[in-house]
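K.L.:
Take the given structure of chain A and dock chains B and C to it, following the hints.
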Amino acid sequence: MKLKNIQVFAAAIVASTVGIGTASADILDTIKERGKLIVGVKADYKPYGFLDTSGAIIGIEPDLASDVAAKLGVEVEFVPVVSSNRMQFLEQGKIDLMIATMTDKPDRREVVLIPDPNYYSSGTNILSLKSLGLASWEDLRGKPVCGIQGAFYNKATSQNYGAEIVAFKGTAEAYSALKAGNCAAFVYDDSAIVAKVADPEWADYEMPLPTIDDAPWGLAVQLGEDAFGALMTDMIIDWHKTGRILELETKWGVTNTPFAKAMNEKYK
Amino acid sequence: MTYKSDLPVMMPPKPYEAEPFFRLEMRHVVPIAVFLIIGATMAFASDGDGKQSRMEVLMNWAPLLLKGFIFNLIISVSAMALGTAVGAILGLGQISLNRPLSAGSWFVTQFFRNAPWLVLLFFAMFLLPFEIDLFGLKIPFPDWFKAILGLSLPVMANVSEIVRAVRSLPSGQWEAAESLAYTRRQTLWLIILPQCVKRMLPPWMNLYSILTMATVLASIVGVSEVMTLTGRALSAEGGRPELLAPFYGFVLLLFFIYCYPIARFTVWLEKKFAVIN
Amino acid sequence: MEFFFEWFRVLYEETGINLPFLYDSYDRNRMFNGFLTTIWLSLVCLFFSIVIGIVGAWLQGSSFKWSRRIVNGYIQLFRNTPPLVQLYFFYFAIGTLLPRVENDWGGQSPMLGSFAWAAISLSFFAGAFNVEIFRSGIEAVPKSTVEAAEALGFSKLQIYKDITLPLAFRVVLPALNNNLVNLVKTTTLAYAIAVPEMLYEANQIWSDNVNVTEMMVFLLLAYFALVGVLVGGMNRWERSMKIPGYG
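First to last, the protein sequences are chains A, B and C.
In this text, residue positions in the first sequence follow the numbering used here: the first is 1, and each later residue adds one.
In this text, residue positions in the second sequence follow the numbering used here: the first is 1, and each later residue adds one.
In this text, residue positions in the third sequence follow the numbering used here: the first is 1, and each later residue adds one.
These are calculated hints, taken from the structure and not from any lab test.
All C-beta atoms, glycine included, are put in the ideal place defined by N, C-alpha and C.
Errors might be hidden in some of the hints.
What the hints assert, rightly or not - Only part of the chain A face toward chain C is listed, based on derived beta-carbon distances under 8 Å:
#1 S84
#2 Q88
#3 V111
#4 Q149
#5 A167
#6 F168
#7 K169
#8 S176
#9 A192
#10 A195
#11 D199
Said to hold, decoys possible - Quick list of in silico lysine to aspartate or glutamate cross-link-like pairs, EDC-like style, CA-CA up to 20 Å:
#12 B:K67 - A:D52
#13 A:K155 - C:D27
#14 A:K130 - C:E102
Chain A on its own, in the form it takes in the complex (with noise of 0.2 Å):
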């Protein structure tokens, strides 16, 4: 088990006076008194969590976390994160349940607790220009590739295959970076790259190399939380068993992805 003992301490130095809040016992009964389940997604990520202009984050899984919110009765709060503060924000409690593309991997499933079946897949592939002719990953060595900061495939990237990873904290700024040419490739979700070859405004650009590291994504709870994960667990079987991932993605402009549509025969 592992001891934080400088969390522990620091901790301890800003709350000598004051005692810090714990998380409850059953986290399902301190959504249902208050009233108000509160997820965590993304909001720069079209078309899983993005903004409309009144500010309100709208997409797949905003749509996914309102069932939640329905299913138990309560009112459904988004709370917008990014990748390299979704898990923190889990553990410390400050959103119930998050549902934020992320992918599932053992060592995350040691920091929160994953529910199985996965609600969705994606692999990990590149956007890059038609004429500079990538065929291969290798062929990404010693390119710089922009990436997102906390992706967990810069690292692999730039060990496996040599790339100098160029990771920018936000979509845009990445996108607008690839633009101007200041890196060769952009390293991402294939579900948000295929999206984005389809855009008009991207038709030089394309996505030629073999998607590798194909992931389920897992969305988490607090672990300890296993009443709330067996519920996820249910939710999960009965969005693959309706088809409601195959109508969120046709609702938000995907085409119908290979992971959703065998998760749906498998379950029907």
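P.N.:
Then chains B and C, alone, in the frame of chain A:
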């Protein structure tokens, strides 16, 4: 300071008053109006392929960005208030005669002055709990509150330095007070500090200006202020590169419109309170 | 040497204090390069901001109305807008407008990379403050001295270079010291445009290893040390250049 001869080696340093860029007069109004009208028409012209023009997109998002900007201002005012309160106490601690207290205050001041603002902000965001239990009452610590705390740390250190400059008051004041049998505390509160407030005001306002601009750093730690909202708006618009200049230019304009009058006011204050030796 | 670093891996397994930039050679290289980049960026910006300060202060004293006004406009603009937004504006907005050149991976890149834009933006930002500082220093040189130099046949440039600047420098040093320290702290902003400096590398490491606390403490100590060295050096220089009896 005064010199015995009128051929000194060096003059005392004075604050420099910059020539204003443009003094607005009636005869300037007509060309400005013409420029604005032509500029607006050109900017609102469509890009040609049926998409909304850049200015139209900017106008769509402008209300949201303005709300974000007001949030920035709230953060800056709160952080300034908090930092000033704690910093004043720290500054007085630095000039106290109690050795451990002055050494401790000095160390805290130097530590927070020398740390980058962004790193202190990260520190506050990640290490403070999101909620504290005060006698059974749960007090939530939202993101922006932690940003205020994080930003008030360097403000506190800088205010402490400004207050420490109290020592630069001519020593005659201290001695005169001593000869009139004021205690140290009475001297400080009744004689020294009222005079010093005038001297402290310009650097304090300068600090506020720096703080307002530093509130943009909160976007890096995820607070929903104007820069984060700009980034999200750009994402929602699909990351079109030609939108970058108008959006960021708009944010620059907002800050300029807010901070420039404050800078001019500070200069006016400096002249008004100029201490004539 | 390896033994020293391995001790930190043992530390991690025993107590959970995770310092991957010490025991993992990949992270260690990243962190070290980040440290060097921070120092290099600070030095470049220091140099250019001083140059901009000197040139700007000279232009402010020129007899042309418009050169004075343009310098003042530049100062007001750069002092009253956030450096982060200036950085974004330079890198994303202006960077895309510049012509592109062929680069070594077969595509077209803008002429200036992120490091160059960070250096330009931060130099202009610090330069705006420096112009005012140098201006107040120049004003501290009495007119009589300048007139005496003119009487001796010095040209304007020679007066500025040989008489005004050396005298002004001693007045300027405390304020310049303060400004340069701020500049070193402001280089952390370059993180936002992906310049691989210390904060950026620390962020990468804590994203991979989820050890935010340790990295934050390390960063605070590292910057404290860096700034402390700079402040100590500048204070010693100030003391050695001090004019006895002045100030």
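K.L.:
So, for every hint listed, does it hold in this structure?
P.N.:
Against the structure, the hints:
no.	hint	result
1	S84	holds, 5 Å
2	Q88	holds, 7 Å
3	V111	holds, 6 Å
4	Q149	holds, 6 Å
5	A167	holds, 6 Å
6	F168	holds, 5 Å
7	K169	holds, 7 Å
8	S176	holds, 5 Å
9	A192	violated, 19 Å
10	A195	violated, 22 Å
11	D199	violated, 18 Å
12	B:K67 - A:D52	holds, 14 Å
13	A:K155 - C:D27	holds, 10 Å
14	A:K130 - C:E102	holds, 16 Å
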